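Enquirer: Sequence:
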Amino acid sequence: MSLDGTDEEGWQELANEYTSTNIKVPAAAVNAAVLDMYRAANDDADPEGELPLYVRLRAYLTGNGTNDSFGEVFSNAVALNVISYDTPSDVTLPTAIYVCGNSIDVAWTTWKPLAPVYGKEGRFYTMIYNNADGFKWGFKPNDWFGFEKINEWDTSNAPGLTVSGNDGGTAGDIIFNQTGWFTLEFICKVVGSELQTKVIVSPGQVGVIGNSIGSWDGIVTSMPATKTSWTFNAFTATGELRAYIVVPGEDWWRTEFTMYKGETVYYRDFDIPSDWQAGAAEKANPPKEDPENYSQTVGAGKTLTVNFDNNTGSIE
Numbered sequence: 001m002s003l004d005g006t007d008e009e010g011w012q013e014l015a016n017e018y019t020s021t022n023i024k025v026p027a028a029a030v031n032a033a034v035l036d037m038y039r040a041a042n043d044d045a046d047p048e049g050e051l052p053l054y055v056r057l058r059a060y061l062t063g064n065g066t067n068d069s070f071g072e073v074f075s076n077a078v079a080l081n082v083i084s085y086d087t088p089s090d091v092t093l094p095t096a097i098y099v100c101g102n103s104i105d106v107a108w109t110t111w112k113p114l115a116p117v118y119g120k121e122g123r124f125y126t127m128i129y130n131n132a133d134g135f136k137w138g139f140k141p142n143d144w145f146g147f148e149k150i151n152e153w154d155t156s157n158a159p160g161l162t163v164s165g166n167d168g169g170t171a172g173d174i175i176f177n178q179t180g181w182f183t184l185e186f187i188c189k190v191v192g193s194e195l196q197t198k199v200i201v202s203p204g205q206v207g208v209i210g211n212s213i214g215s216w217d218g219i220v221t222s223m224p225a226t227k228t229s230w231t232f233n234a235f236t237a238t239g240e241l242r243a244y245i246v247v248p249g250e251d252w253w254r255t256e257f258t259m260y261k262g263e264t265v266y267y268r269d270f271d272i273p274s275d276w277q278a279g280a281a282e283k284a285n286p287p288k289e290d291p292e293n294y295s296q297t298v299g300a301g302k303t304l305t306v307n308f309d310n311n312t313g314s315i316e
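Each residue of the sequence shown is one higher than the one before, counting from 1 in our numbering.
None of these hints come from the bench; they were simulated from the model.
One should not assume that every hint holds.
What the hints assert, rightly or not - The list that follows gives simulated cross-link-like pairs (lysine-lysine, DSSO-like), each with its CA atoms no further than 30 Å apart: (1) 189 - 140; (2) 198 - 120; (3) 302 - 288; (4) 198 - 227; (5) 149 - 189; (6) 140 - 120; (7) 302 - 120; (8) 120 - 189; (9) 261 - 120; (10) 261 - 283; (11) 261 - 149; (12) 261 - 198; (13) 189 - 302; (14) 120 - 149; (15) 189 - 261; (16) 261 - 140; (17) 227 - 302.
What you are looking at is a predicted structure, and each value in this text was computed from that prediction instead of being measured.
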């Protein structure tokens, strides 16, 4: 099947095989394939209304060790107009994700919560230190999910990094071959009746943006090589702290954080119309009782220090 009928790379073959000329293809299988192809070509969006679908058959001979291409022949393509639909499912997107590991805060004890990507359901992110050892994850503490529980790993932003499991089961530890700080983004989506999880791994980076540095383009710095706190002291003017974890593909304001009371990392989960204090007072649901504690002033001579292992820090 193909959505355009011209690009040879765009054809998707259904898993069903038949040994008779009387072929009955399940509508559910066709529908699922159309959804997969359309979403892959349209940034996970669902089709709306009628769309064209091109269908053809592939026939071949098998037997006695010959491969599937022996005597292979394709039929002409037939154009159909179809309406594809996403069938109702009892599976829902998770509301939280946690990680726990040998190099995460208190080894194999701390279940570190990931922050939701602001404004996007099913997406979560965090910064962890990895000492080329193992960690696990879950939708709640003590889930102990492992490597095989992830449907797709994306390490394209981290050259040379390989991710593996230390055994063949779903509970096997997740192992990185490199040591250092890494940003993890978990992207969950419901496909049919299944919840699928993709993890994007990138080197740990933090950005500072706004009036305190005189630029809304931002300054991005890398995390230290060892398991120590990140610091930033390139402030040039008095202004509100606006900082964020760099998550490839996400806007900075979706992964923004502040220092609550100047000592605890608070990841953005409400609208900020002008500043953190106004957002905490007007846009948070429910509004915060102490909105002034979400807005921190920095300036020349100030140093921001953040321990992303346990989400604590200071402004001095």
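Enquirer: Now tell me, hint by hint, if it's right for this structure.
Expert: Here's how the hints hold up against the structure:
no.: 1; hint: 189 - 140; in the structure: holds, 17 Å
no.: 2; hint: 198 - 120; in the structure: holds, 15 Å
no.: 3; hint: 302 - 288; in the structure: holds, 27 Å
no.: 4; hint: 198 - 227; in the structure: holds, 26 Å
no.: 5; hint: 149 - 189; in the structure: holds, 14 Å
no.: 6; hint: 140 - 120; in the structure: holds, 19 Å
no.: 7; hint: 302 - 120; in the structure: violated, 33 Å
no.: 8; hint: 120 - 189; in the structure: holds, 11 Å
no.: 9; hint: 261 - 120; in the structure: holds, 27 Å
no.: 10; hint: 261 - 283; in the structure: holds, 19 Å
no.: 11; hint: 261 - 149; in the structure: violated, 38 Å
no.: 12; hint: 261 - 198; in the structure: violated, 34 Å
no.: 13; hint: 189 - 302; in the structure: violated, 42 Å
no.: 14; hint: 120 - 149; in the structure: holds, 22 Å
no.: 15; hint: 189 - 261; in the structure: violated, 35 Å
no.: 16; hint: 261 - 140; in the structure: holds, 27 Å
no.: 17; hint: 227 - 302; in the structure: holds, 23 Å
Checked against the numbered hints given earlier, this structure breaks hints 7, 11, 12, 13, 15; the rest are met.
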